[in-house]
Amino acid sequence: MKKPEPDNIAGNSLWKDATRRFTANRLAMAGLIILSVLVILCILAPLVAPWSVDVQNLSLGASAPGPGHLLGTDILGRDLFSRILYGGQISFAVGLCATLVSVLIGVSWGAVAGWAGGRTDAVMMRIVDMAYAFPFTIFVIILMVFFERSLLLLFAAIGAVEWLTMARIVRGQVMSLKSREFIDAAKGLGLSNTRIIIRHVLPNIAGPVIVYATLTVPAVMLLEAFLSFLGLGVQPPASSWGILIREGAEAMEEYPWLLIFPGTVLSITLFSLNFVGDGLRDAFDPRSSKE
Amino acid sequence: MVILDVRNISTTFKLRGTTLRAVNDVSFGLQKGETLGIVGESGSGKTVLCHSIMQLLPRPPADISGSALFGLQDLVSCSSKDIRNIRGNRISMVFQDPQAAFNPYLRICDQLIEPLLYHRRLSRRTAMDKVLSILEETGIPDPARRCRCYPHEFSGGMLQRAMIAMALITHPEILIADEPTTALDVTIQMQILQLLKSLQRQLSMSVIFITHNLGIVAGFCDRVLVMYAGQILESASGDDLFLHTAHPYTKALIRSVPSLHVNSGELYSIEGKPPDLTKEIKGCPFAPRCTYAQGECTEEDAAAGLVGVSHFTSCRRVLKGEISL
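Protein sequence lines correspond, in order, to chains Y and W.
The numbering of the first sequence is my numbering, which starts it at 1 and goes up by one.
The numbering of the second sequence is my numbering, which starts it at 1 and goes up by one.
Everything labelled a hint here was simulated from the structure, so no lab data went into it.
Treat each hint with caution, since some may be false.
Across the chosen pairs, the derived CB separations fall in these ranges [as the list claims (entries may be wrong)]:
| id | chain 1 | residue 1 | chain 2 | residue 2 | range |
| --- | --- | --- | --- | --- | --- |
| 1 | Y | SER192 | W | ASP25 | 31 to 39 Å |
| 2 | W | GLY33 | Y | ASN193 | 31 to 39 Å |
| 3 | W | ASP63 | Y | SER36 | 53 to 61 Å |
Keeping only pairs whose Cα atoms sit at most 30 Å apart, straight-line, the calculated BS3-like set for lysine-lysine is [as the list claims (entries may be wrong)]:
| id | chain 1 | residue 1 | chain 2 | residue 2 |
| --- | --- | --- | --- | --- |
| 4 | W | LYS130 | Y | LYS16 |
| 5 | W | LYS282 | W | LYS251 |
| 6 | Y | LYS178 | W | LYS14 |
| 7 | W | LYS81 | Y | LYS178 |
The structure presented is a predicted model; accordingly, all values stated were derived computationally and were not measured.
From the three backbone atoms N, C-alpha and C, an ideal C-beta is built for every residue, glycine too.
Whole structure, please, built from the sequences with the hints as guidance.
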């Protein structure tokens, strides 16, 4: 164990500690660095991309990777590298926002249901069951018909579906925590329910929540690709990794690079996310530390 | 001066049509600065009694009647906001299993500091000073370093000290200690008891001490309630309980403690088992197991009376002078 400095008592927190443990985890740090590089590249796409995203060069057609076009061009002669960068903007945005929405709704819903128990719990969880049974595609189509088609709506729609599992996980965790003696002890200290949930319950479920959230990000990215395929998601000329992969899959026999490059980028991203997720889970569990 | 006046507390649990009477018409008064022991077997209602007083039982299924006057407030019927202001502030609790009573995800200091931040609204810095000094008092070595540990990095004895420190940090008027030494070995047990005693004197607080250890009762408590099947069978000063035992159950309990001096072959144990609390108990609850029992013990309502100065017993035969124990 490292020697903590006795003067430095005021500022210690779960977060500081978690940061220390996270930075000590090499795989997780590698994942985080790769992820950050990808995100930064995508955000800076207008500056970094060698070609404008919608410039077509029909005479060029689909050309193999080479000096002019680093990763080659697609059937319409658009630069693949630029398209991947711009597509990444959408993919990351959807992945992060929708996951955030699902975590926020799922955790609060599940925590309240699990904590309250009894009739409140039954009603809240039956609502989740009903939402589960509701066909997702129809739900999105209805949304798109009633409201104008927009990215924001896409985030909301995906988030609104993904929170269901999160709510179930959180509810289960909270119910098992509720009967633990330290929760009784916290009540014995006179703490209010809200404070007990925030201080004592949520940190204890951070592990499963974070892990599930990192699994939600890739799921959401794929969901977005699926919606775009149906014409309900991102519209051309804008694109996302999901769309690029679909287009690549159609042409993979003649022009394999159209599938290989977007696929590789998505895989790397998902791998990195998983490593980061693992690292976060370990970092938040004080008992998993190897010091 | 009585600071906690408990009157006719009865707690029943209603579950799936059956009614379980866990605590049956218990009354007692707690003096300022006094140590009150509550002894009894497992399931005799000691813990339920204290949790009833502190509103720590979920209602329903628990149904609590009676009153517990603390100052001008009735703890049993006051609002949840009022009881929260009392819990952990003016009345604190020490739990049985320190390993389970700490949140594994928070550092010791972050948990100890909580009552001060919540009830006293102190700044983090001043609160932390208090945390360190109380840890020092409870005998945690090098508190500045130790308090940054997580609960799993503490030993059982240290955790129990930390637990006591957490309960005492707001200088409560009453401390309810629910078998605080059960999970500890004998030497640590002694240290914890001495620690409690000296802190009690310093702060002049009252202690309700729940235990099934008669040795602790003898050395530690000013007054003792003997509970059985949710009722008080005998209540006496610590000395009187042993020297002038006035209930066959107490006698049997004392006899059940193995002795080092007498080698009497087989160890003594009380025949039979505690009554089923889901059924109505008529007469003395101990009568079916009591060697002194007569017909009237189970036929008529339980007796109640004094055999000495504030020495209560519920045994009708002792009260009539028919038997002496």
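Quick rundown of the hints versus the structure:
1. Range check, SER192(Y) to ASP25(W): Cβ separation about 33 Å, and the 31 to 39 Å hint holds.
2. The supplied range of 31 to 39 Å is met by GLY33(W) and ASN193(Y), whose beta-carbon atoms lie about 34 Å from each other.
3. In this structure, ASP63(W) and SER36(Y) meet the distance hint of 53 to 61 Å, their C-beta atoms being roughly 58 Å apart.
4. For the hint linking LYS130(W) to LYS16(Y), the alpha-carbon distance of about 23 Å falls within 30 Å, and the restraint holds.
5. Of the supplied pair hints, the one linking LYS282(W) and LYS251(W) holds, its CA atoms being roughly 22 Å apart against a limit of 30 Å.
6. About 21 Å separates the Cα atoms of LYS178(Y) and LYS14(W), which keeps this hinted pair within 30 Å; it holds.
7. For the suggested pair LYS81(W) and LYS178(Y), the alpha carbons sit about 20 Å apart, so the restraint of at most 30 Å is met.
Going through the hint list in order, the structure satisfies each hint without exception.
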